[in-house]
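**Student:** Here the protein sequences come in this chain order: A and B.
Throughout the first sequence, residue numbering follows full-length UniProt numbering, covering 1 to 430 in sequence.
Throughout the second sequence, residue numbering follows full-length UniProt numbering, covering 1 to 430 in sequence.
If you're looking for bench data, these hints aren't it; they were derived computationally from the structure.
Please note that the accuracy of each hint is not assured.
[Said to hold, decoys possible] Ranges of calculated distance between the beta carbons of each label pair, as one might list FRET restraints:
hint	chain 1	residue 1	chain 2	residue 2	range
1	B	Ser14	A	Leu30	54 to 60 Å
2	B	Ala40	A	Thr78	51 to 57 Å
3	A	Ala42	B	Val112	32 to 38 Å
4	B	Ala344	A	Lys222	42 to 48 Å
5	B	Ala230	A	Asp297	50 to 56 Å
6	A	Arg26	B	Gly110	41 to 47 Å
[Unchecked claim] Covered stretches of chain B (in silico footprint by chain A; criterion: 3 or more residues with CB under 8 Å from a CB of chain A, positions within the stretch not fixed):
hint	segment
7	127-139
8	154-162
9	251-259
10	370-376
11	389-397
12	400-408
13	419-426
Note that CB positions come from ideal geometry on N, CA and C, so glycine has one too.
This is what each chain is made of:
2 protein chains.
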Amino acid sequence: MSATASIAAPLASSETPEAMIARLGRAGRLAQRTLAGLDAPAKAAALHAAAAALRRAEPEILAANARDVAAGQANGLTAALLDRLRLDAGRLAGIAAAVDQVADLPDPVGAVIDANALPSGLAVSRVRVPIGLIGIVYESRPNVTADAAALCLRSGNAVLLRGGSEAVHSNRAIHAALVEGIVAAGVPAEAVQLLPTQDRAAVGAMLTAAGLIDMIVPRGGKSLVARVQADARVPVLAHLDGINHTYIHAAADPEMAVAIAHNAKLRRTGICGSMETLLLDAAFPGSLSVVARLLDDGCELRGDARAQALDPRIRPATAEDWDTEYLDAILSVAVVDGLDAALAHIAAHSSAHTDAIVTADPAVAERFLDEVDSAIVMVNASTQFADGGEFGLGAEIGIATGRLHARGPVALEGLTTYKWLVRGTGQVRS
Amino acid sequence: MSATASIAAPLASSETPEAMIARLGRAGRLAQRTLAGLDAPAKAAALHAAAAALRRAEPEILAANARDVAAGQANGLTAALLDRLRLDAGRLAGIAAAVDQVADLPDPVGAVIDANALPSGLAVSRVRVPIGLIGIVYESRPNVTADAAALCLRSGNAVLLRGGSEAVHSNRAIHAALVEGIVAAGVPAEAVQLLPTQDRAAVGAMLTAAGLIDMIVPRGGKSLVARVQADARVPVLAHLDGINHTYIHAAADPEMAVAIAHNAKLRRTGICGSMETLLLDAAFPGSLSVVARLLDDGCELRGDARAQALDPRIRPATAEDWDTEYLDAILSVAVVDGLDAALAHIAAHSSAHTDAIVTADPAVAERFLDEVDSAIVMVNASTQFADGGEFGLGAEIGIATGRLHARGPVALEGLTTYKWLVRGTGQVRS
Chain A
1 MSATASIAAP LASSETPEAM IARLGRAGRL AQRTLAGLDA PAKAAALHAA
51 AAALRRAEPE ILAANARDVA AGQANGLTAA LLDRLRLDAG RLAGIAAAVD
101 QVADLPDPVG AVIDANALPS GLAVSRVRVP IGLIGIVYES RPNVTADAAA
151 LCLRSGNAVL LRGGSEAVHS NRAIHAALVE GIVAAGVPAE AVQLLPTQDR
201 AAVGAMLTAA GLIDMIVPRG GKSLVARVQA DARVPVLAHL DGINHTYIHA
251 AADPEMAVAI AHNAKLRRTG ICGSMETLLL DAAFPGSLSV VARLLDDGCE
301 LRGDARAQAL DPRIRPATAE DWDTEYLDAI LSVAVVDGLD AALAHIAAHS
351 SAHTDAIVTA DPAVAERFLD EVDSAIVMVN ASTQFADGGE FGLGAEIGIA
401 TGRLHARGPV ALEGLTTYKW LVRGTGQVRS
Chain B
1 MSATASIAAP LASSETPEAM IARLGRAGRL AQRTLAGLDA PAKAAALHAA
51 AAALRRAEPE ILAANARDVA AGQANGLTAA LLDRLRLDAG RLAGIAAAVD
101 QVADLPDPVG AVIDANALPS GLAVSRVRVP IGLIGIVYES RPNVTADAAA
151 LCLRSGNAVL LRGGSEAVHS NRAIHAALVE GIVAAGVPAE AVQLLPTQDR
201 AAVGAMLTAA GLIDMIVPRG GKSLVARVQA DARVPVLAHL DGINHTYIHA
251 AADPEMAVAI AHNAKLRRTG ICGSMETLLL DAAFPGSLSV VARLLDDGCE
301 LRGDARAQAL DPRIRPATAE DWDTEYLDAI LSVAVVDGLD AALAHIAAHS
351 SAHTDAIVTA DPAVAERFLD EVDSAIVMVN ASTQFADGGE FGLGAEIGIA
401 TGRLHARGPV ALEGLTTYKW LVRGTGQVRS
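Chain A extracted, bound-state conformation:
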């Protein structure tokens, strides 16, 4: 099997990017209608077949990936980017296992949201349906090709994938295997399409293909997401990063505060759920221990004047620090006077991803939950739990920080919409 065998039609040299997207979009929409007619076991079988095909295609996929890695080295990609790009047998097995896992998640399609019998005698209900054709624009991690395709297919959506140029051979090989698997299980190949070109104009055509593509999900760094949001006419489910706060209230358990602050910042510093700002209540007696534990483990702390007074190792924070997502072992620290001051700081600086309080006072906890207007608000837990898997969703396409359609961890339900069903017995409206 050639790595590009599944790209149905090569890009005709005379075809404009808009014409190509229109062609792929129509093919995807047609395939989605078939997909919408499949029941949950049929879709699960297709995904299990895709996972098996990924395992069988290990030699081709790893060879394709080696080409990408070699090109990346030649082009001077950073070690971090090369690590994101690189596949080995273990990582590929993980990608296939994730596809199997998505196959076994409950199918959201057909679920009844609510139902109502009306005075007119009409029975009205809302049921979940797929969104339609979803465009995914992503960067260097080739696992997104399989993850996003699996989540879309499980929820009855067709998908149009556009990965980063650094991973082009890896993505084509993974895509070819996925298509081989789903076709063998009776799903049209066009349910999972990969753009046959890395031409940037094709991305622009995707973003403006309103009516043809129903939703765009950008997955990558801030610059990618910002570009997609600026250019898109198609609705965007945006996965931005997190400037997340943990507020240690006066009545926090000191040991819990130390453990949660340490975990929220240092468990993994590069994920969007990591804490970026620590707010210490002036009346909390354990602040010295909280900052000492972080400093002792190599975290750089940047504080306001009162925070700096806690430990000589704390450097001064600038105004920008309160609005900075470090994604590193760096943390801004402020001392605040009570809950209201903490809420005001969070309202002013949070990116509305995940904010947490540590307190033993239930009334304070409930006020924090009520008044913090972020996608995820936590009490007495590490912000690093902000994850679809940890929330029991089985998988996630990302964390949405926008306010519409879906918010916080977005999984299969977020890839559906609904329709209203009305069952009558001949009613006409007076």
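Got chain A; can you put chain B on it based on the hints?
**Tutor:** Same frame as chain A, but now just chain B:
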């Protein structure tokens, strides 16, 4: 009370449209935070006070409306537009009563969507919260000023209103009364703001105020909605019109078919839920009566060759007719061979608003409900039931034909989003 008294600050001549929207947007967001802290009875009291203020301001509002109507006559507005614009004591009483009615609807804010206890010991739940600041861009009907403000306020949202120039004095007078009422009940005036200018550039600035305005709802004709969709960077909840089908299946009850087709087309021809295309199954024996009843009542029918053969009064349809929303006593009629042909016609031509089947065969009905991918799918009922009030929602801000966030009739729930609440006992992530 002057009709413009409530416009807090006049437009400084040196202020750019962007600066003005930023100023109003910040004020609206601040007011929304206060609004979000009010409980359901407090919001209801504010709306009842607003309704009472509308009644008290009847002389001012009707005088302002008379100015608009006179200007409209001088500017040659059509009789239909003048009728939409014109207020009298009865219509104003209806507007105030609608505000009272929205005040008494259940408050969606705070409702728990779902809750889950996880193996980590975390308790995760999703609760409804307001969206934030909503922009409404609308045309000549001044009742939208009160309706939209009431729906937004009931659901805890601040609103920024921009009405049509034809209704500028009416809108200012209605807005002034609303603000007088809510302020007396303790809600900040900036929770309901009306743009102090009709400058079109200000609309452009609203549409691009991402991060400041959370959602735009255009209410008006297709050209307004299309312009908003083309220019907006802020998410748009679009209320388009309907190319709605009624398919009369072979097993339809003939009398029911006549009654439903007649009602779906002719009860009110100008609403978005009216039928625009009638699909008659070739095997349905009652087609003659269905078309005769419509023709006898003055409806123009445009048919394909087989439909024309039913009655000499049926004119030939052109290709465009199948994609035309008449909003008039005109109907396109096609004869189709069975359910699959009807589904294919609907998939090709429906605007995904509301489509209906008339059939006595439950299996056929369920297939139609399952396979038609429109916001509202009906069995044995008139498409004119497509309405938030008829669906038991109490009121609606419109019918959404987009696929994301909210679909079909959109009422208070569609004006909310959710946040995730996580209650822990000191959990850190391993």
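**Student:** For every hint, state whether the structure bears it out.
**Tutor:** Hint-by-hint comparison with the structure:
no.: 1; hint: Ser14(B) <-> Leu30(A): 54 to 60 Å; in the structure: 55 Å, holds
no.: 2; hint: Ala40(B) <-> Thr78(A): 51 to 57 Å; in the structure: 53 Å, holds
no.: 3; hint: Ala42(A) <-> Val112(B): 32 to 38 Å; in the structure: 34 Å, holds
no.: 4; hint: Ala344(B) <-> Lys222(A): 42 to 48 Å; in the structure: 44 Å, holds
no.: 5; hint: Ala230(B) <-> Asp297(A): 50 to 56 Å; in the structure: 52 Å, holds
no.: 6; hint: Arg26(A) <-> Gly110(B): 41 to 47 Å; in the structure: 44 Å, holds
no.: 7; hint: 127-139; in the structure: holds (count 3)
no.: 8; hint: 154-162; in the structure: violated (count 0)
no.: 9; hint: 251-259; in the structure: holds (count 3)
no.: 10; hint: 370-376; in the structure: holds (count 5)
no.: 11; hint: 389-397; in the structure: holds (count 3)
no.: 12; hint: 400-408; in the structure: holds (count 6)
no.: 13; hint: 419-426; in the structure: holds (count 8)
In summary, the one numbered hint that this structure violates is 8.
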